[in-house]
Amino acid sequence: MASYLQIPDDEKGHDLDLFCVPRHYENDLDKVIIPHGFIMDRTERLARDIIQDMGGHHIVALCVLKGGYKFFADLLDYIKVLNHNSDKSVPLTVDFIRIKSYCNDKSTNSVKVIGGDELSNLSGKNVLIVEDIVETGRTMQALLSLLSKCNPKMIKVVPDAFLVGYALDHNEYFRDLSVSVGKSHSY
Amino acid sequence: VNKPAVQTVFIMSAQVKDGDMKRGIVIKDDWPGYSLDLFTYPEHYHHDIENVYIPHGIIMDRIERLARYVMDDFEDSKIVVLCVLKGGYKFCSDLVEFIKILGRSSNRYLETRVEFIRLKSYLNDQSTEDLHIIGSSDLSFLRGKSVLVVEAIVDTGKTMMALLKHVETFGPKMVKVAGLLVKRVSNMAGSLTDYVGFEIPNRFVVGYALDYNEYFRDLN
Numbered sequence: 001m002a003s004y005l006q007i008p009d010d011e012k013g014h015d016l017d018l019f020c021v022p023r024h025y026e027n028d029l030d031k032v033i034i035p036h037g038f039i040m041d042r043t044e045r046l047a048r049d050i051i052q053d054m055g056g057h058h059i060v061a062l063c064v065l066k067g068g069y070k071f072f073a074d075l076l077d078y079i080k081v082l083n084h085n086s087d088k089s090v091p092l093t094v095d096f097i098r099i100k101s102y103c104n105d106k107s108t109n110s111v112k113v114i115g116g117d118e119l120s121n122l123s124g125k126n127v128l129i130v131e132d133i134v135e136t137g138r139t140m141q142a143l144l145s146l147l148s149k150c151n152p153k154m155i156k157v158v159p160d161a162f163l164v165g166y167a168l169d170h171n172e173y174f175r176d177l178s179v180s181v182g183k184s185h186s187y
Numbered sequence: 001v002n003k004p005a006v007q008t009v010f011i012m013s014a015q016v017k018d019g020d021m022k023r024g025i026v027i028k029d030d031w032p033g034y035s036l037d038l039f040t041y042p043e044h045y046h047h048d049i050e051n052v053y054i055p056h057g058i059i060m061d062r063i064e065r066l067a068r069y070v071m072d073d074f075e076d077s078k079i080v081v082l083c084v085l086k087g088g089y090k091f092c093s094d095l096v097e098f099i100k101i102l103g104r105s106s107n108r109y110l111e112t113r114v115e116f117i118r119l120k121s122y123l124n125d126q127s128t129e130d131l132h133i134i135g136s137s138d139l140s141f142l143r144g145k146s147v148l149v150v151e152a153i154v155d156t157g158k159t160m161m162a163l164l165k166h167v168e169t170f171g172p173k174m175v176k177v178a179g180l181l182v183k184r185v186s187n188m189a190g191s192l193t194d195y196v197g198f199e200i201p202n203r204f205v206v207g208y209a210l211d212y213n214e215y216f217r218d219l220n
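Sequence lines, in order, name chains A and B.
Note that the first sequence ends on residue 187 in this note's numbering; no numbers are left out.
Note that the second sequence ends on residue 220 in this note's numbering; no numbers are left out.
Rather than coming from a laboratory, the hints here were simulated on the basis of the structure.
Built from N, CA and C at the ideal position, the CB exists for glycine as well.
Mixed in with the good hints, there may be bad ones.
[Claimed, not checked] Far from chain A, some chain B residues (derived; all Cβ distances over 12 Å):
{"no.": "1", "residue": "Asp-29"}
{"no.": "2", "residue": "Gly-190"}
{"no.": "3", "residue": "Asn-202"}
[What the hints assert, rightly or not] Covered stretches of chain B, as calculated for chain A (at least 3 residues, CB under 8 Å):
{"no.": "4", "stretch": "30 to 42"}
{"no.": "5", "stretch": "132 to 144"}
When you get a sec, could you build the whole thing from the sequences and use the hints?
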């Protein structure tokens with residue numbers, strides 16, 4: 001696993017006054033834990049790590065909707081900048097899926113993939129899964145075992161575990177924030 | 001002497017009619033585009049693309065303006081943005097971001113909730129008439145809401161027409177359409193689109209999430 005930035009449990013965060021926060025959320029939020037610019041800087045580095053690990057072969061970037069889409073767009077922008085500015089570039093295609101997870105009788109997690117192109121297209125490619133949050137990892141485990149049946153060359157996951165904001169939501173609110181107020185683990 | 005960097009170059013205005021604004025930035029039939037040498041692009045497309053038709057920076061500047069039209073027009077404080085995948089994902093992401101930025105620096109804040117619908121309407125470079133929805137076609141989350149459909153390109157307008165019909169069946173309060181690119185091939189395309197980024201001639205364009213059989217989406 002590549003290196004990641006760990007935010008300690010007792011992280012105090014910054015006062016809301018120090019940043020621009022939409023007025024209608026002012027009473028609902030406590031602190032800014034990860035400012036947007038910081039997210040972007042970290043994302044830029046993730047892009048570099050990804051190209052290093054996966055850049056040898058066609059990358060399929062798989063975005064798990066809905067939470068992952070903003071991070072996905074920003075991450076891909078940084079990957080594209082690297083692609084535009086080096087001698088070698090890696091072909092990059094994108095796809096979007098939704099995941100429905102369910103427990104069957106044996107209480108092992110299964111997932112159903114909704115939307116997206118034929119999963120057989122992943123065969124032989126380097127697959128990058130961009131997910132919004134990995135909490136227990138059970139859903140991701142199930143997704144990975146489903147996708148590995150399609151014989152990709154490589155699968156990597158970028159979890160983006162911001163609890164609120166940055167296109168994640170709490171009952172559909174807060175998706176429109178650009179800063180986040182939660183913990184983060186990275187690729 | 002330190003001069004501030006000029007971000008946008010302005011030219012003294014000539015008379016411009018209001019109606020023209022709705023057409024967006026009009027790109028003429030004979031627009032040759034810019035030479036590839038003047039910009040950066042992925043090496044693996046070196047032999048496949050002809051020119052840079054619309055640079056990324058001007059796309060962003062135009063979208064910033066569209067965001068302001070949207071803010072001015074939607075009187076509600078909340079809208080549902082319906083992003084048409086896959087081609088619309090960049091336009092949607094950047095448009096919503098500009099709406100958020102405008103909201104932070106003004107008294108009005110337009111709360112946006114983004115939903116997705118996946119359509120397949122092109123085979124190679126020919127647009128088809130049927131509305132192929134991939135994944136769920138259930139748009140009941142639109143009921144009673146102010147909706148902004150965000151689409152990367154409107155060509156003949158047939159797909160957009162079919163999509164709008166589908167959207168109406170779910171009883172939204174109001175529906176508007178933002179199209180980054182609108183082809184100057186039919187009157188219908190133009191009249192369906194409330195917010196037009198660029199009006200372009202009937203050429204096949206790729207990049208900024210638009211593809212040719214899944215290639216070229218990764219151009220800016």
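Okay, the hints, checked on the actual structure:
no. : hint       : result
1   : Asp-29     : 29 Å, holds
2   : Gly-190    : 28 Å, holds
3   : Asn-202    : 26 Å, holds
4   : 30 to 42   : holds (count 3)
5   : 132 to 144 : holds (count 3)
This entry satisfies every hint, going by the numbered hints stated previously.
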